[in-house]
Amino acid sequence: MGAGAFMLPNIPVSGRPVAPEELLTSGVDVAMKKRLADAALNAAKAKGASYTDVRIGRYLNQYVMTREDKVQNIVNTESYGVGVRVIADGCWGFAAVVDAKSEAQTARAAEEAVAIAKANAKLMKEPVQLAPQKGYGEVSWKAPIQRNAFEVPIQEKVDLLLGVNAAAMKNGANFVNSVLFMVNEQKYFASSDGSYIDQDVHRIWPVFNVTSIDQKSGKFETRQSLSAPMGMGYEYLQSNPKDKVTGITTRYNKGYDMLEDVIAAAQQTKQKLTAKSVEAGKYDLILDPSHLWLTIHESVGHPLELDRVLGYEANFAGTSFATLDKWKTKDFNYGSKQVNLFADKTQEGSLGAVGWDDEGVKTKRWDLVKDGTLVNYQAIRDQVHIIGENESQGCCYADSWGSVQFQRMANVSLAPGKDQLSVEEMIKGVEKGIYIIGDGSFSIDQQRYNFQFGGQLYYEIKEGKIAGMLKDVSYQSNTQEFWNSCVQVCDERDYRLGGSFFDGKGQPMQVSAVSHGSSTARFNGVNVINTARKI
Amino acid sequence: MSIILSESEAKALLQKALSYSKADECVVNLLGEQRGNLRYARNEVSTSGSLINQNLSVQSAFGKKVGVASIDEFDDASIEKVVRRSEELARLAPENPEYVGVLGPQQYLKSNGFFDSTANITPATRAEAVAKSLQLTRDAKLTAAGFLQDNRGYSAMMNSKGLFAYYPSTNVNYSLTVRTEDGTGSGYVARGYSDFSKLDTAAATRIAIAKSRGSAGARALEPGKYTVILEPTAAAVLLENIFYSMDARSADEGRSFLSKTGGKTKLGEKIVDERVNIYSDPTHPELPASPWSDDGRAQEKVNWIENGVVKNLAYSRFWAQKQGVKAVPNPNNVIMAGGNQSLEDMIKSTQRGILVTKLWYIRSVDPQTLLLTGLTRDGTFYIENGKIKHPVKNFRFNESPIIMLNNLEALGKPERVVSTESETNYLIPPMKIREFTFTSLSDAV
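Sequences listed follow chains U and H, in order.
Heads up: the first sequence begins at 1 in this note's numbering, then just goes up one per residue.
Heads up: the second sequence begins at 1001 in this note's numbering, then just goes up one per residue.
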């Protein structure tokens, strides 16, 4: 579907609540995991499976939620279980079992998966075709974090958030919510190909929402944090001058100064209350990476998922305009020459970074759009033969041991411009434009043609200079038209990640976390609408 | 023990858990559920799954210090352990100034939401229901992608002041998208029932087939303001944004579409056409719902909007106490009353308009006005002189459901629908709206 919006307090929480210290205990050890996995692999084979994979997962979440001077909730959850996926009679089958700690339990799940596969095989026309994959033996991967967020005392987190809230109130906010999301996935994967892969994945997202109210007019304005969810530890909250991008407002790279950002936000919501309402029309847009990530996500990441292109998501998330016949021409013009978009499951600090995906494929980086031309998709083992490849691209993921893995978006990013160009130089060249920072409202059609995006901060550009703040701004465009209107991308000095912590797809819906990098980019002549209404 | 406990089994288990409690106040919540699903695409089964889940959650309080712990094993030692754990967490917790204590015993309405027809679904039943759909689309040389999902379960709670609540329920949701082989037509259908015996996948499939064929060869119309007829599936995804925004605290705090200047709210004011009546009723036979809220409050029939006037807002117990008003909980179901017109009657009485069968990717643009954006999808048709003339290309809209309900022309007979955004079931009528704002065209089919 789309990037999960920041919707307090509608936060997906899965797993059982536990005490914070339980998040630090180690789960089932690797030797035991191997035994549990082997029991399932053997049981499935005995029942006639031609392929089996076993995922033993321990998923830890800690969410600290506050508003103004109060801690609203501290959620600690742990979810542990085993999911077994098989191919039998040419059909997929999947069964999962919670809290499985015995070989009998995992073997039973394997047998059930085979039974389901055989029952559903009757409805199949073509057997599943799985790309070959070599086994890696016993290997492991750990996210290169510096400070495990789960080891940071709760009090330190509460103090940080309450300090952030106090700063917002002191600077004129009427309300403020702040939240710290922390995730640790301890995943073990084993397959009948001979892989036994142990991985430790960490993610963090500090986020706030500030509201200011004008009692006289009854109007209110909000501003969300300019942080990004990251595949990092608590070190992301370490303020560092080299990670700050100064300008009309400060933006952040791999070190986020939450206190500084909330002070700016409180002041900016006040400014927004009296900002000029935009005049609808065509503008040149300068889009900051804190905004552009979501446009990339929706208009490039999703349409280039091969399962959508093929119709597997037709009943929910939709299909794609980027059909195979367009790709086969080798000349489909996705964007201007400045546009180079790539998929990457290896980038350090990104949400999607892992060593191997959830079907045991080593991760990599590959091009999707090169010099404006569509060159590839994102595909997994049972799909790659359709695009003439014999190796999966390694972007298979399940959000839990209890969910079946399927194709999910890799980190999809816009490559920085090759020529030296700063944001200030870019703005100087714009006569009539809007500079947009932060992500806001977002909506796109089911084939990813027509979209509409808002932001957090809008600045009018007149004759090369920022002329003041605007409000009620959204832009509407069409994917191909939009990427063809891209005339400049700043160089790699400005490259930063944004991302989604709760990207939804599939039925039943699964969430996934994914990053999108870019430098600030310019798009000419985009249609801007005014969103002010009276009720 | 089975996963789905009877009322007496649940009561006994909850009493046992409470007997271990040493806290000032204690609430124990219990649930058990079994879910199953079958998914298909490209006229073939793609994935399927099943899930069994049970959980016992204990909330202990010492004064205003509250701790919660839960467990999925129900032996005596595990239950005692989880009670102790919640008490340890409560002792360590900061005081929650908004904790208002637990409720005493409540009287609940009777609501029947559990049907054996749904509870007894097996993988074979699911495969059979889907096979009927696949047969039709394969024969018609159309491409189907669908999803069938059922669940059976119960929830129960008991607290140290003697409150006990139990509610078993079942639900099945089915949705299907049928596309023409050349990708120029697409039709959709969704059905939600508590009682699986009401689901006719073949009949539903025929509707999606007709829409997919009928929507092929769409022509472009200029975006702008049009009279629209919204089928209930399309109306639901706009209206639920009103249902979700009835919170009193946000309104009182000045950050809701229901806020007014000077800290006042629109409670008691007419905000939409006087024919609009929106209420909740857990005993409604077409949309049964739990007669108690998560915190044990009794769910009654509540009029949220009556004759266009805001009659009630939803309160947390804390906020109601602070404001000195009745603590009306958020509803467990929502029903919009309608009229007697059929969809066909509405089309007949329309000189020039657009029939919208489904809307997609609805997002808030401005919470102050409830302005939403999104697109039409899977069948949009031009109406002229009382007849459907031809399919039209999809539009993006920017519209507020409040403005929309002020531009109401007619209401039809309510139907049970499944929200394509939240999967929640509602009873919603088809409705005719004038001056609905389409802002751009989409090439998507």
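The hints are simulated quantities; they were obtained by calculation from the structure and are not laboratory data.
Among the hints, erroneous ones may be present.
Heads up, simulated DSS-like pairs for lysine-lysine below, C-alpha to C-alpha not over 30 Å straight-line [to be verified]:
# : chain 1 : residue 1 : chain 2 : residue 2
1 : U       : Lys534    : H       : Lys1264
2 : U       : Lys219    : H       : Lys1264
3 : H       : Lys1266   : U       : Lys219
4 : U       : Lys471    : U       : Lys216
5 : U       : Lys270    : U       : Lys242
6 : U       : Lys276    : H       : Lys1141
7 : U       : Lys328    : H       : Lys1141
8 : H       : Lys1266   : H       : Lys1322
FRET-style restraints, in silico, Cβ to Cβ [said to hold, decoys possible]:
#  : chain 1 : residue 1 : chain 2 : residue 2 : range
9  : U       : Asp367    : H       : Lys1198   : 43 to 53 Å
10 : H       : Pro1097   : U       : Glu151    : 24 to 34 Å
11 : U       : Ile386    : H       : Phe1318   : 54 to 64 Å
12 : U       : Gln271    : H       : Asp1075   : 52 to 62 Å
13 : H       : Lys1132   : U       : Gln271    : 53 to 63 Å
14 : U       : Thr250    : H       : Glu1181   : 51 to 61 Å
15 : H       : Asn1303   : U       : Glu151    : 35 to 45 Å
16 : H       : Gly1104   : U       : Lys70     : 18 to 28 Å
17 : H       : Gly1162   : U       : Ala166    : 34 to 44 Å
18 : U       : Gln238    : H       : Lys1161   : 42 to 52 Å
19 : H       : Glu1181   : U       : Lys370    : 41 to 51 Å
20 : H       : Gln1323   : U       : Gln215    : 45 to 55 Å
21 : H       : Lys1311   : U       : Thr250    : 24 to 34 Å
22 : U       : Gly464    : H       : Glu1181   : 48 to 58 Å
Ideal placement from N, C-alpha and C gives every residue a C-beta, glycine not left out.
How the hints compare with the structure:
no. : hint                             : in the structure
1   : U:Lys534 - H:Lys1264             : holds (18 Å)
2   : U:Lys219 - H:Lys1264             : holds (12 Å)
3   : H:Lys1266 - U:Lys219             : holds (14 Å)
4   : U:Lys471 - U:Lys216              : holds (19 Å)
5   : U:Lys270 - U:Lys242              : holds (29 Å)
6   : U:Lys276 - H:Lys1141             : violated (55 Å)
7   : U:Lys328 - H:Lys1141             : holds (25 Å)
8   : H:Lys1266 - H:Lys1322            : holds (19 Å)
9   : U:Asp367 - H:Lys1198: 43 to 53 Å : holds (51 Å)
10  : H:Pro1097 - U:Glu151: 24 to 34 Å : holds (29 Å)
11  : U:Ile386 - H:Phe1318: 54 to 64 Å : holds (56 Å)
12  : U:Gln271 - H:Asp1075: 52 to 62 Å : holds (60 Å)
13  : H:Lys1132 - U:Gln271: 53 to 63 Å : holds (60 Å)
14  : U:Thr250 - H:Glu1181: 51 to 61 Å : holds (53 Å)
15  : H:Asn1303 - U:Glu151: 35 to 45 Å : violated (52 Å)
16  : H:Gly1104 - U:Lys70: 18 to 28 Å  : holds (27 Å)
17  : H:Gly1162 - U:Ala166: 34 to 44 Å : holds (41 Å)
18  : U:Gln238 - H:Lys1161: 42 to 52 Å : holds (47 Å)
19  : H:Glu1181 - U:Lys370: 41 to 51 Å : violated (31 Å)
20  : H:Gln1323 - U:Gln215: 45 to 55 Å : violated (18 Å)
21  : H:Lys1311 - U:Thr250: 24 to 34 Å : violated (47 Å)
22  : U:Gly464 - H:Glu1181: 48 to 58 Å : holds (53 Å)
Hints 6, 15, 19, 20 and 21 from the earlier list are contradicted by this structure; the remaining hints agree with it.
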